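K.L.:
What follows is each chain in one-letter form.
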Amino acid sequence: MTIKEADRVLPVTRGESVKTRQRRSVVKPRRWKRYEPVVVGTISVGAFLAVWQAVATVNLTAKWMPALFLPSPTDTADAFVKLFTDPRQNIWADLGTSGFEFATGYVGALVVGLALGIAMGWYMRFQYALDPFVNFLYSTPRIVLIPLFIIWFGIDWQSKVAVIFLGALFPVVINTMAGVRNTDGALLRVARSFGASETLIFQRVVLPGAVPFILTGFRLGVGHALTGVVVGELIAARHGVGKLISDFGVTFQTPKMFAAILFIAGTGMLLTWLLQRIEKRFQSWRPQIKT
Amino acid sequence: MRTSSAKLVASGVVVEYWLARSEAIFTAVEGVDLDVRDGEFVAIVGPSGCGKTTFLNAVDGLIPIAGGSLTLDGREISAPGRDRAMVFQQPGLLPWRTVLGNVLFGVEAQGTMTKGEALERARQQIELVGLTGFEDAYPSELSGGMQQRVNLARALLTDPEMLLLDEPFASLDAQTREMMQLELLKIWNKSRKTALFITHDIKEAIYLADRVIVFTKRPGRVKDSLEIEIPRPRDLRVKRDPKFLGYEDRIWDNIQEELAAKPERLLAGVTA
Chain A
1 MTIKEADRVL PVTRGESVKT RQRRSVVKPR RWKRYEPVVV GTISVGAFLA
51 VWQAVATVNL TAKWMPALFL PSPTDTADAF VKLFTDPRQN IWADLGTSGF
101 EFATGYVGAL VVGLALGIAM GWYMRFQYAL DPFVNFLYST PRIVLIPLFI
151 IWFGIDWQSK VAVIFLGALF PVVINTMAGV RNTDGALLRV ARSFGASETL
201 IFQRVVLPGA VPFILTGFRL GVGHALTGVV VGELIAARHG VGKLISDFGV
251 TFQTPKMFAA ILFIAGTGML LTWLLQRIEK RFQSWRPQIK T
Chain B
1 MRTSSAKLVA SGVVVEYWLA RSEAIFTAVE GVDLDVRDGE FVAIVGPSGC
51 GKTTFLNAVD GLIPIAGGSL TLDGREISAP GRDRAMVFQQ PGLLPWRTVL
101 GNVLFGVEAQ GTMTKGEALE RARQQIELVG LTGFEDAYPS ELSGGMQQRV
151 NLARALLTDP EMLLLDEPFA SLDAQTREMM QLELLKIWNK SRKTALFITH
201 DIKEAIYLAD RVIVFTKRPG RVKDSLEIEI PRPRDLRVKR DPKFLGYEDR
251 IWDNIQEELA AKPERLLAGV TA
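Quick mapping for you: the protein sequence lines, in order, are chains A and B. Quick note: the first sequence uses our numbering, first residue 1, plus one each step. Quick note: the second sequence uses our numbering, first residue 1, plus one each step.
If you're looking for bench data, these hints aren't it; they were derived computationally from the structure. Keep in mind it's a predicted model, so treat the numbers as computed, not measured. Accuracy of the hints is not assured; some may be wrong.
[As the list claims (entries may be wrong)] Covered by chain B, per the in silico footprint, the following chain A stretches (three or more residues, Cβ under 8 Å):
id : stretch
1  : 182 to 194
2  : 202 to 215
[As the list claims (entries may be wrong)] Calculated Cβ distances over 10 Å to all of chain B for the following chain A residues:
id : residue
3  : Gln53
4  : Ala77
5  : Lys82
6  : Pro87
7  : Trp92
8  : Phe100
9  : Ala119
10 : Leu130
11 : Val134
12 : Asp156
13 : Ser197
14 : Ile261
15 : Met269
16 : Thr272
17 : Trp273
Positions of the beta carbon are idealized from the N, C-alpha and C atoms, including for glycine.
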């Protein structure tokens with residue numbers, strides 16, 4: 001035990017000066033604690049980049065693999081800037097295509113997923129009817145359906161929207177259903193005791209209580225939807241970020257490929273972060289669930 | 001004895017549950033006979049698991065009775081109604097609503113009051129239960145005692161014929177519980193509403209009630225009925241009054257007798 005710690009633990013004794021007492025009474029957390037996660041995170045990312053840069057630089061002379069295959073962080077950054085500034089690249093068309101596919105499929109999944117999830121949570125029989133399909137599709141990687149969707153809808157946006165929609169649909173359905181089902185029994189008893197109608201119970205007790213679950217579904221859906229965009233376009237497409245990565249890959253433009261991958265990762269992180277912030281605002285009334 | 005007429009009349013009330021797992025009928029309450037007079041405060045005590053809360057739920061109309069009859073002001077009780085309001089053991093507050101919103105929930109569910117009237121009277125109730133200044137606080141920001149005040153105000157706002165209270169102070173700490181008992185009596189004194197109060201706390205029952213009913217162990221029946229002749233208003237000091245202690249002894253003897261008695265068969269077998 002250091003002297004400082006001992007100071008904190010010792011009981012306040014009679015006759016000590018007011019000064020020592022004040023010093024003892026409050027144990028302030030060090031300011032550093034607040035910034036610790038950010039600082040440590042930054043250091044670890046910095047270290048990773050430094051090692052990467054070093055390996056790529058040494059590789060230029062050591063030739064472990066062709067220099068083309070292993071661009072350094074600075075090469076990647078250069079490529080990133082070029083990706084957005086080079087007029088020949090026409091990245092905005094690709095972003096537009098991917099963005100449109102994502103938005104259409106994802107929003108469609110939110111709307112349909114919400115409706116299905118609520119209906120399945122509220123009407124037992126509806127759930128019994130749809131459960132086999134939900135289980136079948138949820139446990140199958142939706143990506144296996146891409147070849148089928150290409151046959152049905154062609155290689156343009158329609159087949160991508162279908163994959164994205166199916167990908168994002170199930171997290172939304174399952175979480176919404178869980179939210180509706182998880183209504184606090186005590187609240188239901190209160191509502192019934194006051195003679196609330198089923199409609200009122202649904203609108204003012206069940207649905208607001210399900211909001212945190214629904215938002216979790218929305219957040220998990222983002223990841224699935226992004227996977228759908230990229231994989232769909234990797235397999236067959238005319239435009240889009242996934243197609244771009246595929247093109248860069250077959251033409252050995254590794255730095256640009258890295259840049260495009262970074263861009264997708266960044267988009268995913270940003271969207272998830274945004275939804276997490278919204279979730280946090282509703283977190284306070286989420287019932288504690290032990291997993 | 002008072003001359004006022006009976007408000008709640010329970011005669012031979014039986015409540016049974018079907019236990020799916022053991023495929024048997026479980027009798028929680030068997031043949032409860034009990035009259036509650038208009039304006040009377042009745043407390044029911046009994047060994048834990050004796051079916052006293054079940055009986056209260058039947059009075060509220062939340063669970064059906066399997067036998068006997070249960071009437072309030074001469075009307076058969078078959079479902080929850082406007083003439084009764086329950087104060088629950090768990091506060092059961094909507095976490096996304098403020099104190100004001102939660103107090104309003106009861107009348108909102110009943111759909112009996114205009115919004116303006118409800119709002120005005122809700123504020124009065126909030127003042128009555130001592131929560132003025134906390135109208136906009138969320139349940140998570142309140143202590144257990146304050147949450148139970150909201151629970152009480154929500155029931156009072158519906159202005160029921162009969163107030164049902166299901167161990168409302170059971171989960172509070174000892175000091176808060178005593179303060180809440182005192183305040184409940186103050187509030188009750190203003191309206192003198194017919195009240196049925198369930199508790200396992202014998203002192204609480206004697207302190208609050210005009211009459212204490214002792215239930216047998218399960219299946220619950222009325223074992224003893226005891227008029228509490230302690231003048232109102234009562235302060236917390238009456239709990240150390242010799243008369244009070246006398247009542248306490250008598251109720252304790254009753255309960256000990258029940259606990260010592262040979263246990264009955266847990267389940268009544270069902271012939272298929």
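K.L.:
Does each hint fit the structure? Answer for all of them.
P.N.:
Here's how the hints hold up against the structure:
1. 182 to 194: Coverage by chain B holds here, the residue count being 9 at a Cβ distance below 8 Å.
2. 202 to 215: The restraint on the stretch 202 to 215 of chain A holds, since 5 of its residues have a Cβ under 8 Å from chain B and three suffice.
3. Gln53: Nearest chain B Cβ is 49 Å from Gln53(A), so the label holds.
4. Ala77: About 46 Å separates Ala77(A) from the closest Cβ of chain B, which puts it past 10 Å; holds.
5. Lys82: holds, 49 Å
6. Pro87: holds, 52 Å
7. Trp92: holds, 42 Å
8. Phe100: Check passes; 35 Å lies beyond 10 Å.
9. Ala119: Given that every Cβ of chain B is farther than 10 Å from that of Ala119(A), nearest at about 23 Å, it holds.
10. Leu130: holds, 25 Å
11. Val134: holds, 26 Å
12. Asp156: holds, 44 Å
13. Ser197: Not fine: 8 Å to the nearest Cβ puts Ser197(A) too close to chain B.
14. Ile261: Given that every Cβ of chain B is farther than 10 Å from that of Ile261(A), nearest at about 40 Å, it holds.
15. Met269: holds, 29 Å
16. Thr272: holds, 24 Å
17. Trp273: holds, 24 Å
Going through the hint list in order, the structure does not satisfy hint 13, though it satisfies all others.
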